[in-house]
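**Q** What follows is the residue order along each chain.
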Amino acid sequence: MAVSSPTTDLAPARSARHRGRLPDRVFHGLSAGAGWLILVVLAAVAIFLFLRAWPALSASAEDLNAISWMNGASIATYVGPLIFGTLLSALLALVIAVPLSLGIALFISHYAPRKLAQGLGYVIDLLAAIPSVVYGLWGALWLAPVLDPVFGWLSGTLGFIPLFEGYTAPARNVMAASVVLAVMILPIISAVAREVFLQTPRLHEEAALALGATRWEVVRMAVLPFGRSGLISASMLGLGRALGETMAVLMILSPGYAVSFFLLQPGQHQSIAANIAAKFPESSGLSVSVLIATGLALFVITLLVNLAARAIIARRAEFSGAN
Amino acid sequence: MSKRIDVDHLNVFYGDFLAVEDVSMTIEAKSVTALIGPSGCGKSTFLRTLNRMHEVIPGARVEGSVVVDGQNLYASEVDPVEVRRQVGMVFQRPNPFPTMSIAENVLAGVKLNNSRISKSDAEELVEGSLRGANLWNEVKDRLDRPGSSLSGGQQQRLCIARAIAVKPQVVLMDEPCSALDPISTLAIEDLIAELKNDYTIVIVTHNMQQAARVSDRTAFFNIAGTGKPGRLIEMDDTATMFSSPSEKATEDYISGRFG
Amino acid sequence: MTTPTPLARAATSAPLEPEPQTPSPLAPRGGRLPRYVPYAVGAASLVFAYLLLLVVASPGIPSVVASAAALYAVAITIVSRVVEGHRWAVDRLATTLVTFAFAVALIPLVSLLWTVGSKGAALFSAEFLTTDMVGVFGDMTSGGVAHAIVGTLAVTATAALISVPIGLLTAIYLVEYGRGRVAKGITFLVDVMTGIPSIVAGLFAFALFTLIMGPAYRSGFMGAVALAVLMTPVVIRSVEEMLRLVPNELREAAYALGVPKWLTIVKVVLRTAVAGIVTGIMLAVARVIGETAPLLITVGILTRSSWNVLEGRMATLPVFAYNQYQQGGVGVDRAWAAALTLILIVMILNLAARMISRVFAPKGAAH
Chain A
9 MAVSSPTTDL
19 APARSARHRG
29 RLPDRVFHGL
39 SAGAGWLILV
49 VLAAVAIFLF
59 LRAWPALSAS
69 AEDLNAISWM
79 NGASIATYVG
89 PLIFGTLLSA
99 LLALVIAVPL
109 SLGIALFISH
119 YAPRKLAQGL
129 GYVIDLLAAI
139 PSVVYGLWGA
149 LWLAPVLDPV
159 FGWLSGTLGF
169 IPLFEGYTAP
179 ARNVMAASVV
189 LAVMILPIIS
199 AVAREVFLQT
209 PRLHEEAALA
219 LGATRWEVVR
229 MAVLPFGRSG
239 LISASMLGLG
249 RALGETMAVL
259 MILSPGYAVS
269 FFLLQPGQHQ
279 SIAANIAAKF
289 PESSGLSVSV
299 LIATGLALFV
309 ITLLVNLAAR
319 AIIARRAEFS
329 GAN
Chain B
57 MSKRIDVDHL
67 NVFYGDFLAV
77 EDVSMTIEAK
87 SVTALIGPSG
97 CGKSTFLRTL
107 NRMHEVIPGA
117 RVEGSVVVDG
127 QNLYASEVDP
137 VEVRRQVGMV
147 FQRPNPFPTM
157 SIAENVLAGV
167 KLNNSRISKS
177 DAEELVEGSL
187 RGANLWNEVK
197 DRLDRPGSSL
207 SGGQQQRLCI
217 ARAIAVKPQV
227 VLMDEPCSAL
237 DPISTLAIED
247 LIAELKNDYT
257 IVIVTHNMQQ
267 AARVSDRTAF
277 FNIAGTGKPG
287 RLIEMDDTAT
297 MFSSPSEKAT
307 EDYISGRFG
Chain C
416 MTTPTPLARA
426 ATSAPLEPEP
436 QTPSPLAPRG
446 GRLPRYVPYA
456 VGAASLVFAY
466 LLLLVVASPG
476 IPSVVASAAA
486 LYAVAITIVS
496 RVVEGHRWAV
506 DRLATTLVTF
516 AFAVALIPLV
526 SLLWTVGSKG
536 AALFSAEFLT
546 TDMVGVFGDM
556 TSGGVAHAIV
566 GTLAVTATAA
576 LISVPIGLLT
586 AIYLVEYGRG
596 RVAKGITFLV
606 DVMTGIPSIV
616 AGLFAFALFT
626 LIMGPAYRSG
636 FMGAVALAVL
646 MTPVVIRSVE
656 EMLRLVPNEL
666 REAAYALGVP
676 KWLTIVKVVL
686 RTAVAGIVTG
696 IMLAVARVIG
706 ETAPLLITVG
716 ILTRSSWNVL
726 EGRMATLPVF
736 AYNQYQQGGV
746 GVDRAWAAAL
756 TLILIVMILN
766 LAARMISRVF
776 APKGAAH
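Residue numbers (the numbering used here), protein chains in the order written: chain A, 9 to 331; chain B, 57 to 315; chain C, 416 to 782.
There may be inaccurate statements among the hints.
As the list claims (entries may be wrong) - DSSO-like mimics (lysine-lysine), calculated; alpha carbons at most 27 Å apart, straight line:
1) B:304 x B:284
2) B:86 x B:284
3) C:599 x B:175
4) C:599 x B:196
5) B:175 x B:196
6) B:284 x B:196
None of these hints come from the bench; they were simulated from the model. Source: prediction; values computed, not measured.
Isolated chain A, as found in the complex (with noise of 0.2 Å):
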């Protein structure tokens, strides 16, 4: 009989308790198993890419100088360059990325009709799921052509400025990779910048009107200075993104070494990451050690970065009065 009989007293709960405290106790284990987990491949990542990369570290230059694409180069002068590269088709990306975010997150909280604020939401998530291959052959294949005439132009008018100066077709340059980054990290800047925009307090914005405010001096008063925080977080989680994007800048970009601000002219520059997966399948031994090394100093980079946007996200959360 399931159900205890009405003259059961609390003596048999004291046998019964073993057996339910031991599966409590089992599974409250391996919950927190599961979290410690987090800690040890956190742990794991930095410490085997460290052993990986330890031989480049520590090999001496003529070793490093027997593989041919390092050109002489020691690990420091080799990733030089490459960090220059991510660097810069990131922050590029980013100054494409942030002023559109910024217009889509707007239009979608403030200006869009609202039965179909959520719906465009939606569409603007598509862009998240799409592959990065497939930006890749969209950037390489299409969006490369429609850029020449765009860059042609700009090359031509503004050449003076040695930023657009000397360019050169097809589009192969870290313009272009940028473009295409940018609309790969569109979606994750805007749907934070969004979210953090819908949390506006109605208060403030209702204090606004009441002053007689159009809808921009609404967004100018209440809604932007609300969110410059994490409209700056969302622009650092965009940007640790780009910095770790492979497929886009692999398959378009044609690289180069160079630590150079010609934006326009191909074989300038490389990512690491791009540089690593175009590297890789044909390295074996110290250069696959070399590949890791720069591997590691790209996590390091993007750990800063989302450190950096982490803090600031966690700041804004102890300063914010509206949740």
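Position chains B and C relative to chain A; hints supplied.
**A** Just chains B and C now, kept in the frame of chain A:
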């Protein structure tokens, strides 16, 4: 199956904060005891210590003893899970399980514990419990509909049926009518009057008239100020409490609310 | 993803734009523009842009639309400035720019889906889906992605097998058990893990396995571990969100019935949240199924089908697409068709996930 409860010098803490101080009372078997008092006076906290539900909140702990039928609930060998099977509880807002049908909700206490029960026993238990909660006639034709398809008052009676289906000795009610309309409230109050034939009932209420209507004995809790612990001011027969309480604070509270 | 709160949504509604049609004492100095003016300005900009480009160069649809947009932004601001005054002009300009930003974001989405659809259709067929690449060389247009679909399913399923239990249990820990510093620390680490670049996850799996199994080891399992590193934090985040949506009252109701905590979690909390959890897991799968870089360096590519996850290279759809693109010629067409296959799989997963959340969600309260 009802049992008397003896509470002896009970202190309730949340971390270092003393929430309820030094409560001693006796709750008679097969009676309705109402706990009244202003918000934050610790009456709900105290109620939750009677089936160790306060332990759900991290850092909550208790000093003193609660003895149900000769067994101290806080003795080291007692399992809180087992305590809750003996001392059932009904909450402020009706909370039927949304994934379960009406019948499954009634059987939840049995089913969730992985206990096996034959089909006929189950049907019997469902009908008995729903009859006990005055809900059988309203739902007997739609036992497989979701519990959340019922009205608020019906949901609350379903929760009562669910609580009595595990055959507890005591039923605790934490403001069971505060989320209900007046008509549903009356239905629940009628039910409480019937349930008292079988169970010991402790009810927390903000509604003085409700306390006066349903309870045999009334305990008044009060708080000296924010940050101070709640205390039991006095406890007596309901009639006495509402006509001639011995404490000035009780009279002030009741007259301020009652009139 | 976002569900706007009723409050926030209400804020976006009509009262934000008072548009008095008749001059009243409350209207801005100089009155407002009639409703048709923006449309008229828009049409005029289009015509003007077309004529302008006809003079300067040959007009194409993209260049006309782009110039018309720029013209419109300038024109509406000037018109508004003259008729309505400075403040309204700024408001019109802001509305125009914000709307354009959204429209601009649609360009890549539409062109991408259109390009993949039209170019992928060239080789996409039942045969393409059911043959592998054994014996295909040169300009042969035969061959297909059957082996890559097999590999993608095997690797992704293995990744899910690893990350779903870990993610589920971690989320349960964070919501149901964890408190204080440990839970905060793990939440933070999950955030950090979300930011790991996919290529780094691939390198990690590579470093881990080659140190243990020898430098030439390649396998689907290695790729699955890399994908699991990327997938686990996504699973944790979405499951956590779903568990937090389960009202505390249901947990209390179960406790009050004398149900132990673990059974409460399994039978009440997980049961109530199951639709959301399954949706979240499917979306996480959809996220990693298109990952290319980590598989490129761990799983490699193969011309025939292999179900053996533990040993040897495998073909996967994304790597296949990249590989074919690199080979050029017919390969590019195969790359497009493979991209189409991949997008279809992702979209099906997304749709199925949303259907599951619709169908299996707990039935709501009385209607």
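**Q** For each hint, tell me whether it holds in the structure or not.
**A** Hints and how they fare:
| no. | hint | verdict |
| --- | --- | --- |
| 1 | B:304 x B:284 | holds (19 Å) |
| 2 | B:86 x B:284 | violated (33 Å) |
| 3 | C:599 x B:175 | violated (46 Å) |
| 4 | C:599 x B:196 | violated (48 Å) |
| 5 | B:175 x B:196 | holds (16 Å) |
| 6 | B:284 x B:196 | violated (49 Å) |
In terms of the numbered hints stated before, the structure departs from hints 2, 3, 4 and 6, listed from lowest to highest.
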